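Undergrad: Given next are the chains, with one letter for each unit.
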Amino acid sequence: MNAKGFAHKYGDNVDTDVIIPARYLNISDKKELAAHCMEDIDPGFINAVKTGDLMVGGQNFGCGSSREHAPMVILESGVSCVIAASFARIFYRNAINIGLPILECPQASESIQAGDEVSVDFDAGIIENHTRGQRYQTAPFPPFIQEIISAGGLLASIKQKQGAAKDEL
Amino acid sequence: MGMTMTQKILAAHAGLSEVKAGQLIQADLDLVLGNDITAPVAIRELYAAGFDSIFNPEKIALVMDHFTPNKDIKAAEQCQTCREFAHKFKIKHFYDVGNMGIEHALLPEIGLVAAGECVIGADSHTCTYGALGAFSTGVGSTDMAAGMITGQAWFKVPEAIKVNLTGKPGDMVSGKDVILHLIGMIGVDGALYQSIEYAGDGVASLTMDDRLCIANMSIEAGAKNGIFPVDEATVAYMKDRVDRPYTAFAPDPDAEYARVVEIDLSAIQPTVAFPHLPENAKPIDTVGDVAIQQVVIGSCTNGWLSDMAVAAGILKGKKVHPNVRCIVIPGTQKIYLDSMEKGYIKTFIEAGCAVSTPTCGPCLGGHMGVMAAGERCVATTNRNFVGRMGHVKSEVYLAGAAIAAASAITGKITDPRTMIPSASAPTAPADTAREE
Numbered sequence: 000m001n002a003k004g005f006a007h008k009y010g011d012n013v014d015t016d017v018i019i020p021a022r023y024l025n026i027s028d029k030k031e032l033a034a035h036c037m038e039d040i041d042p043g044f045i046n047a048v049k050t051g052d053l054m055v056g057g058q059n060f061g062c063g064s065s066r067e068h069a070p071m072v073i074l075e076s077g078v079s080c081v082i083a084a085s086f087a088r089i090f091y092r093n094a095i096n097i098g099l100p101i102l103e104c105p106q107a108s109e110s111i112q113a114g115d116e117v118s119v120d121f122d123a124g125i126i127e128n129h130t131r132g133q134r135y136q137t138a139p140f141p142p143f144i145q146e147i148i149s150a151g152g153l154l155a156s157i158k159q160k161q162g163a164a165k166d167e168l
Numbered sequence: 317m318g319m320t321m322t323q324k325i326l327a328a329h330a331g332l333s334e335v336k337a338g339q340l341i342q343a344d345l346d347l348v349l350g351n352d353i354t355a356p357v358a359i360r361e362l363y364a365a366g367f368d369s370i371f372n373p374e375k376i377a378l379v380m381d382h383f384t385p386n387k388d389i390k391a392a393e394q395c396q397t398c399r400e401f402a403h404k405f406k407i408k409h410f411y412d413v414g415n416m417g418i419e420h421a422l423l424p425e426i427g428l429v430a431a432g433e434c435v436i437g438a439d440s441h442t443c444t445y446g447a448l449g450a451f452s453t454g455v456g457s458t459d460m461a462a463g464m465i466t467g468q469a470w471f472k473v474p475e476a477i478k479v480n481l482t483g484k485p486g487d488m489v490s491g492k493d494v495i496l497h498l499i500g501m502i503g504v505d506g507a508l509y510q511s512i513e514y515a516g517d518g519v520a521s522l523t524m525d526d527r528l529c530i531a532n533m534s535i536e537a538g539a540k541n542g543i544f545p546v547d548e549a550t551v552a553y554m555k556d557r558v559d560r561p562y563t564a565f566a567p568d569p570d571a572e573y574a575r576v577v578e579i580d581l582s583a584i585q586p587t588v589a590f591p592h593l594p595e596n597a598k599p600i601d602t603v604g605d606v607a608i609q610q611v612v613i614g615s616c617t618n619g620w621l622s623d624m625a626v627a628a629g630i631l632k633g634k635k636v637h638p639n640v641r642c643i644v645i646p647g648t649q650k651i652y653l654d655s656m657e658k659g660y661i662k663t664f665i666e667a668g669c670a671v672s673t674p675t676c677g678p679c680l681g682g683h684m685g686v687m688a689a690g691e692r693c694v695a696t697t698n699r700n701f702v703g704r705m706g707h708v709k710s711e712v713y714l715a716g717a718a719i720a721a722a723s724a725i726t727g728k729i730t731d732p733r734t735m736i737p738s739a740s741a742p743t744a745p746a747d748t749a750r751e752e
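First to last, the sequence lines map onto chains B and A. For the first sequence, counting from 1, position 100 maps to 99 in my numbering; every step adds exactly one. For the second sequence, counting from 1, position 374 maps to 690 in my numbering; every step adds exactly one.
It should be emphasised that the hints constitute simulated quantities derived from the structure, not laboratory data. Just so we're clear, the structure is a prediction, and the values are computed from it rather than from any experiment. Just so you know, even glycine gets a beta-carbon here, dropped at the ideal spot from N, CA and C. Keep in mind that a hint or two might mislead.
One side of the interface only, derived from the structure: several residues of chain B facing chain A at Cβ under 7 Å [to be verified]: (1) Asp16; (2) Asn25; (3) Leu32; (4) His35; (5) Ser79; (6) Ala84; (7) Arg88; (8) Asn93; (9) Ile125.
Using the sequences provided together with the hints, build the complete structure.
TA: Written as structure tokens, this is what we have:
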């Protein structure tokens with residue numbers, strides 16, 4: 000699995016209220032919701048983002064509310080991967096559970112600038128910055144989490160396991 | 317090596333004799349919670365993945381509290397989704413308008429959580445129940461769906477920060493001032509991926525409402541959960557509420573902590589967190605002149621009966637400043653009723669406050685007090701992020717009920733200790749009163 004695109008760069012403590020403001024949480028449609036992604040911190044984002052682009056944040060990315068709408072709108076906007084120095088824990092598990100690839104890499108978070116062309120090799124855990132000719136190495140996910148991601152999310156992985164259990168009977 | 321209190325609860329729920337920090341485990345859940353914002357997403361995902369059953373209709377709680385009474389048609393449709401789901405699967409603990417409260421105020425009040433239990437909720441402030449010595453943590457909608465289907469959740473066992481509390485809080489200092497002070501010390505990511513375990517002689521001087529407030533905002537330091545030891549006050553609180561056996565876990569004497577933070581409660585001042593992060597905590601005497609246009613007293617953080625008592629004590633016989641709208645929201649129907657019987661609601665209305673049925677409403681800029689550009693609010697809520705209570709150019713100052721009520725009268729952020737308490741001020745109820 001790989002990703003390639005241009006970077007959209009943000010600072011520390013990007014919270015779920017700016018990723019998707021609560022005033023839109025009455026909207027169920029993913030596309031309609033995604034139109035407001037990052038609206039309160041970067042109103043130009045949703046028109047600028049291209050499919051495959053990457054989002055880069057600093058420390059504690061996704062802090063605040065447990066709303067799964069936050070990783071959902073980032074995924075829906077076309078972003079292929081979020082790289083940050085660290086993630087807030089609920090955002091981290093939500094991203095894994097819905098299949099939004101995220102990578103914790105302080106070095107990449109610091110070095111990558113807005114507009115840099117970046118590619119990611121998830122299996123090898125390598126982030127490559129083509130604009131600056133830099134490479135950053137990250138730790139791969141533990142097998143348990145890789146299982147969830149490769150199944151396409153938590154519910155799909157539970158479904159798979161339940162199916163496997165039934166086949167054994 | 318010994319285990320922390322959190323690790324012991326997780327081990328017991330994973331069927332293991334021991335767990336270590338960093339270990340991935342699958343734990344059995346005693347309760348799965350969702351609200352009108354997060355449950356509809358979980359329900360949709362559950363159906364979309366091809367599931368059509370739940371693990372136990374008595375161990376799921378659905379509380380319609382965020383955009384209720386429904387603020388618009390879309391909000392009404394989200395509640396409708398929850399209502400139909402609850403009906404279809406005969407979910408016992410479904411709380412709708414008229415009997416609901418703000419979820420984290422309601423669940424402890426009606427005994428749905430107890431010491432030693434393992435609870436997930438699709439709401440970040442689910443960590444509130446740590447006040448009762450339970451492990452509880454916020455998750456997303458997919459985790460909620462998985463929890464409803466299997467009765468289990470995956471966790472990475474956290475290491476812990478020990479917060480050692482000593483001394484007794486001073487006049488007009490509550491749990492809110494303590495937690496804002498702590499977040500100011502360690503930052504909004506100071507406890508990222510970790511538990512906060514509160515300990516020390518100072519715990520005994522904190523009321524259950526104080527502890528619920530402190531556990532509630534532990535997430536604002538990034539913590540997975542915040543947890544208190546089970547003592548006489550906890551047992552007394554659960555006595556008339558919980559009718560099933562529970563386990564009081566305690567950390568092992570040789571439990572290892574990533575860090576120990578010392579807090580002398582007697583040194584804490586009434587505290588305000590400035591925009592736009594809860595870590596921007598300042599003692600009240602350094603705040604300066606900050607004019608405000610709105611005050612909100614309520615939320616899962618400070619909608620407790622003791623907050624109503626403190627606010628009423630300050631507002632009794634006074635008037636809300638003409639430039640200020642003061643909105644008071646008791647956390648549950650019971651707190652509302654108790655506040656009425658004790659005369660607090662009369663005090664609020666006579667002072668010029670608007671009093672609302674329980675709702676999360678303004679805390680997340682939903683309804684019941686959304687702000688325009690340039691407006692400032694002193695709120696007893698839990699977050700002051702950009703745009704949290706309305707326009708991106710509005711500002712939220714977080715504080716306890718005492719500062720909020722004092723500020724409502726003067727129209728600027730005010731030290732409650734400078735207000736002369738009225739002779740007929742109501743006193744805090746016996747079950748929440750601080751032992752002097």
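Undergrad: Now tell me if each hint is right for this structure.
TA: Verification of the hints:
1. Asp16: The hint holds - Asp16/B has a Cβ within 7 Å of chain A, the shortest such distance being about 4 Å.
2. Asn25: 4 Å, holds
3. Leu32: 10 Å, violated
4. His35: 11 Å, violated
5. Ser79: 20 Å, violated
6. Ala84: 10 Å, violated
7. Arg88: 5 Å, holds
8. Asn93: With Cβ-Cβ at 4 Å, under 7 Å, it holds.
9. Ile125: Because about 24 Å separates Ile125/B from the closest Cβ in chain A, which is outside the 7 Å limit, the hint is violated.
Hint compliance for this structure: hints 3, 4, 5, 6 and 9 are broken, all remaining hints hold.
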